[in-house]
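Position 27 of the sequence shown, counted from 1, bears residue number 27 in this note's numbering, the numbering being contiguous throughout.
It cannot be assumed that every hint is accurate.
[Stated by the list, open to error] Derived pair list, reagent style DSS-like, types lysine-lysine, alpha-carbon separation capped at 30 Å:
#1 Lys-199 x Lys-148
#2 Lys-51 x Lys-27
#3 Lys-12 x Lys-225
#4 Lys-225 x Lys-148
#5 Lys-199 x Lys-27
#6 Lys-51 x Lys-158
#7 Lys-44 x Lys-12
#8 Lys-12 x Lys-275
#9 Lys-275 x Lys-199
#10 Lys-225 x Lys-270
#11 Lys-56 x Lys-158
#12 Lys-56 x Lys-44
Read the hints as simulated data drawn from the structure, not as lab findings.
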Amino acid sequence: MLTIGLFPNTKKQSISTVLGWIVQYFKERNVNVVLPEEAALELKCTHLAGKMECVKNDITFGITLGGDGTLLHTAREIAPFGIPVCGVNMGNLGFLTEIEVPDLNIALDRLLGGDYYIEERLMLDALVIRNGSPIYISPALNDVVVAKGGFSRMIKLKLFIDEELTADYPADGLIIATSTGSTGYSLSSGGPIINPELKVIVITPICPHTLHSRALVISENAEIKVRMQAAHDDIVLTVDGQTVYNLLPDDTVVVRRSPFRARFIRFTGKSYYEKLRTKLRRGDQHASG
Numbered sequence: 001m002l003t004i005g006l007f008p009n010t011k012k013q014s015i016s017t018v019l020g021w022i023v024q025y026f027k028e029r030n031v032n033v034v035l036p037e038e039a040a041l042e043l044k045c046t047h048l049a050g051k052m053e054c055v056k057n058d059i060t061f062g063i064t065l066g067g068d069g070t071l072l073h074t075a076r077e078i079a080p081f082g083i084p085v086c087g088v089n090m091g092n093l094g095f096l097t098e099i100e101v102p103d104l105n106i107a108l109d110r111l112l113g114g115d116y117y118i119e120e121r122l123m124l125d126a127l128v129i130r131n132g133s134p135i136y137i138s139p140a141l142n143d144v145v146v147a148k149g150g151f152s153r154m155i156k157l158k159l160f161i162d163e164e165l166t167a168d169y170p171a172d173g174l175i176i177a178t179s180t181g182s183t184g185y186s187l188s189s190g191g192p193i194i195n196p197e198l199k200v201i202v203i204t205p206i207c208p209h210t211l212h213s214r215a216l217v218i219s220e221n222a223e224i225k226v227r228m229q230a231a232h233d234d235i236v237l238t239v240d241g242q243t244v245y246n247l248l249p250d251d252t253v254v255v256r257r258s259p260f261r262a263r264f265i266r267f268t269g270k271s272y273y274e275k276l277r278t279k280l281r282r283g284d285q286h287a288s289g
């Protein structure tokens, strides 16, 4: 019997209504449903609660209810278990999510009917090295960002690719993104859009204080090191725009390909370029509104 893990963003408007509909849909089809314990308690669905470690071990696939942030967080959590995930968009753009709320019935029918395919996405690991030892590690699906804090001066960053000094950046920061993340922070900082079928890494400086800084596109197999040069300690590492870690001036951030892949459930019928056109146009409308 199938077991579906539901991963809701409990802060989204109408989340209880949509979640209730999905739970009822699966109940009528004799499909088991489980929610992470914290979300189940908050949404008063304690009969569906499961410990997160049990959820990750028991589910056939996951469904997120929220926006891209919810999908990114969940994908990082379940990628080591090889579990595919599908996102229901309850946010604005929902560039990574696959299902819009009005299409839920048709999409879930296709899901249970096996009418889908699995798309694997490159993930990264970010390590913080301090005094020669790793002290922090985090997976990333979209991007790893080293940047100045809210009120500090610019920082100087030394970029090494496969141990070779590649660039010195006087800048506000540096974005190291997968092709999946190329449509996020990297894009808004002037980086290129990269089809996720290309397993590459794009490095984009943030507000570089030079006329000669450009984004770099490199192999997924490359190892990247970023060394900070600053007289202050207001420097932060962010992962997928969510995880924040405070850095010290002499820290080194190492970014390399993760041994795991994120596995997204996709339905045939929409190409990447159609989604790119429609979603980014929606983003323009939100910006102008």
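Violating hint indices (sorted, rising):
Going through the list in order, the structure violates hints 3, 5, 6, 10 and 11 and respects the others.
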